[in-house]
Every structure is written in structure tokens, then in C-alpha cells.
Amino acid sequence: MKKILITALVLLAVAAIALCSLEAGPLLHLKSGLLGLLSPVSRSGGAVKSSIGSLGKDLMTLDQLQAEYDRVLAENRKLRAENNGLRDLQQENNHLREILGYRERSSFRLVPATVIGHDAGVWWSTVKINRGARDGIAADMPVITDKGLVGKTTAVSDSVSEVLLVTDENCKVAAKVEGTKEQGIVAGTRSPGGELQLTFLSKLADLQPGQKVYTAGVSGGIFPSGIALGTVKSFRARELDGMAVLDPAADPASLEEVFVVTGAK
Amino acid sequence: MNRVFLFLILALLLPLSLAVQDLLPSLPPFGERLLLFPVVFAFGVLALPLVPALGFALLAALLQGLMLLQVQAGQSEIGLTLPVVFFLGWTIVLQMASEATRGMSWELHAVGGALVTFTMIAGQFLTLCIKRGGFPVDLSILMRIAVPSVAAILLAPLLYLLLCSFVPLAADEAQAGGMPKGPAH
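Chains as they are written, first to last, in the numbering used here: chain A, 1 to 265; chain B, 1 to 185.
For the record, the hints were derived by calculation from the structure and aren't laboratory data. Any given hint might turn out to be false.
Restricting the straight-line Cα-Cα distance to at most 16 Å, the calculated cross-link-like pairs of lysine to aspartate or glutamate (EDC-like) are [unchecked claim]:
hint, chain 1, residue 1, chain 2, residue 2
1, A, 172, A, 195
2, A, 212, A, 241
3, A, 172, B, 77
4, A, 233, A, 256
5, B, 131, A, 169
6, A, 212, A, 178
Cβ pair distances, simulated, as ranges [stated by the list, open to error]:
hint, chain 1, residue 1, chain 2, residue 2, range
7, A, 3, B, 123, 35 to 41 Å
8, B, 103, A, 136, 52 to 58 Å
9, A, 64, B, 16, 35 to 41 Å
10, B, 85, A, 202, 40 to 46 Å
11, A, 64, B, 105, 49 to 55 Å
What you are looking at is a predicted structure, and each value in this text was computed from that prediction instead of being measured. From the three backbone atoms N, C-alpha and C, an ideal C-beta is built for every residue, glycine too.
All chains, full assembly: derive it from the sequences and hints.
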């Protein structure tokens, strides 16, 4: 009995040392494996959560339904009127795009995804999405919404991926400020609240609240140029540089549908 | 044989708790999280004998370390060493507490679960402060540490009852072997 106990303890010690000596590469592979293992629970749980959420949203009183009906009717009339005008604009837009080659230059190949789970830890801003390697997703791909940049993929399993949000301290993005020559680095903060910090600006940068900040798209980086990052909230000069606080373009608290940029069209 | 089943069931519950806690909504106002993982871990190391409990702790360290793994410039921010030391350390402390209080009880589980939760979150924060620099302590940070720890005290008895009904083997083990292990009903 004593021999078995000692053998078990020795094996445990060996296992502990082996775990401690694993490098980042093999650990990332193991993490992808774990995400894959947990993906059935995450995916079905995410679907159930979404159904429960939508059930609560759909329940309305008769008065609310009547008000909603009136609102939708009015909106429908307005949209029909707008639609007639937009047809002409669409044709003009297509024509201009063809001339400028805009589509070729700035369109992305997007894979739509649904957020199925939030932060794995208290101090990291991450979400899990229901797309993985089998959908063409790989690590370090930008994730966006129609509002702006969300973050980048980190660990990828067959059917689930983890996205490091732009509001995380570790997600650093080269950025430029609209209407100026100012460039800096955007990153999240450790404190919750979802604000972004734009650092390494010039001390004399005269940034005004409301100015938009976009990705700078540095060569060798993973984020393409021109994706909205946020809006300047405040600016202050520090000892060595200028620092602006930004409201993120895509609110991380209300993320539901996102797109993974798998490449250019 | 019962111990093997008990270990296997708890080993399955551990990753399940990780997946389920990711689905739970965060609490207002600072987005505090409810953590099930440390509470299930505390139950496991209290219910299992020492050697299987150490194995269970290694599994917990592997799962937690992998879930929190963030690789920056080819280096992992928090590797597996700290989780291994943390969970093995708590296993020994909880095993000693279990021996001292003559077996497992829901009170011990509640206090153990809360302390594991508190030290885990605070430890992660301190590690990040050392690795990234800065020590930004404010109300929101304190709430992010305190709320899950207090919630663990409230969650622990519920999980204890639930796990005891799922894992009756632990109680049988204690009665049959006369060991101070297994949850007391």
C-alpha cells in the first residue's frame, strides 16, 4: 500500500513538473484542444442563453404591441420613400466604385459569427465565438462589427474561437486620429468600464472630444487600415507624450453578432 | 472502486463548471463574474482522499491555466506554474482543515470555496500588476475581487447539496471506510 502511495506521489510530482515546463506554443495547442472539448457545452449553452434572452425581449403588453405596430407602419412608409430615392444613388454608387476600384482596395472577406460566451477570467476581456478552424478562422485575425473593431482571434479550435477584445490591456492597435497627423497606440485598461487609451501622441496634439480614431494599418500588423476604433472623450498631455481616453466604437458589453476578417476580397 | 467513480465524476464536473460559468451573465455595476470553478474545486479536494485530491488539483491547474492563457510575443502571460503551485497549495490546506474538523461539512466547503475564489482572483491581479506594471486599485477592482468571493459563500451550499445528490459515493465512502472524507448529509 505504501509503495503504491509513493509511486502515485512520484507520478504526480513528475506530472506537475511536466506541466510547469510547457512552453507557450504547446500550451496554445492544448488550449485550442480544451476549447474544442468544451465547444458542445459552449455552443448549446450560448444558443439556449440567446433563446431565453429573446423570449424576454419578445414579451409585450397589448398597448406596447399597438405602439410598436404604429411605429413600424410609420417606419415602413418612410423607408419606402427613402428606398425610391436610394435606387438611383445605388446605381451611381456602383458606377463610382467601379471607377475607383474601391471594392478591390477596401473590402474584406468576412465570416459572420455569434458570441457564445464572455470572459474566461476576471481580468481578461475575451469572448468566445461560434466559428473556428473549419470555417477558415486562424489565430490573429481581426474581428469587427458594423460599428468598428472588436478585437482579434487568439486560440482557435475546430468550431469555437476565443477573441481578445480591443478593451483588453494586451490588445494593442496602431491608430490614427481623424483630421490630424497624430498616430499612437490604442489599448484597453485593467479597470473595468470598457474605455480605451490612446497613448504615444504628441504632447501638443490638440484633440477635441468627438474626433474619430481609426486603425493605422501598419505594415506587418494584423489590423487593416481604416477600421473605426472609437471616439475621443478627453485628452491630456503627460510628461513624455499625450494620452487620449476613447469611447470604443463597438460596445463590448452588447456584442452579439460579429465578423471575422479572414482576408481581403 | 467507489473512489475512482467519485474522482471521474468530479473530474468531469470541473471542465463543465468552466464552460457553464462563461455562460453566466456578469453582475452590475462593474461586470463582476460568478465563478463556479473554485467552488467545485474546493468540493473535490475536500471530498477526495489526499493522493486523488492532488491529482484533481493538477487537473484544476491545467484547466484554469489553459483557459486564462494569453500569449504575448511568444510568451504566455500566466503559464501553468503559478496555477499548479496555487491549486496544490490549497489542496494541502483544505485537506488539513478537513482532518482538523473531522471530515467534510458544508460550512467548511463554503469558507474554503470563498477563500480559494478570493485568493485566485487577487493572485491573478497581483501577477498581472507585476508582469504589466502599475497597481491600479480602485473601487471597481476591489468589487471585482470581493463580489465573486462573497457570491462563492452563497453558491457553495447550493452546489454542495447539488453535488452531494450527484455524488452520493462520497458519503458512502465515508460511512464504509470510517474515513473523515466525503460530504456529511
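Comparing the hints with the structure gives:
Pair hint residue 172 of chain A plus residue 195 of chain A holds up; C-alpha atoms about 13 Å apart against a cutoff of 16 Å. For the suggested pair residue 212 of chain A and residue 241 of chain A, the alpha carbons sit about 19 Å apart, so the restraint of at most 16 Å is broken. Of the pairs offered as hints, the one joining residue 172 of chain A and residue 77 of chain B holds, with about 15 Å between alpha carbons and a cut-off of 16 Å not exceeded. Our distance criterion of 16 Å between C-alpha atoms is broken by residue 233 of chain A and residue 256 of chain A, whose separation comes to about 25 Å.
With a C-alpha separation of about 12 Å, the suggested pairing of residue 131 of chain B with residue 169 of chain A holds against the 16 Å cut-off. A threshold of 16 Å between alpha carbons decides the hint, and for residue 212 of chain A with residue 178 of chain A the separation of about 5 Å falls inside it, so the pair holds. Distance hint for residue 3 of chain A and residue 123 of chain B: a CB-CB separation of about 36 Å, consistent with the stated range 35 to 41 Å. At roughly 54 Å, the beta carbons of residue 103 of chain B and residue 136 of chain A sit within the given window of 52 to 58 Å.
Between residue 64 of chain A and residue 16 of chain B, the C-beta spacing of about 39 Å keeps the proposed range 35 to 41 Å intact. Against the hinted window of 40 to 46 Å, the Cβ-Cβ separation of residue 85 of chain B and residue 202 of chain A comes to about 45 Å, which satisfies the hint. Between residue 64 of chain A and residue 105 of chain B the beta carbon distance is about 50 Å. The supplied range of 49 to 55 Å therefore holds.
When the structure is compared with the earlier hints, violations turn up for hints 2 and 4 and for no others.
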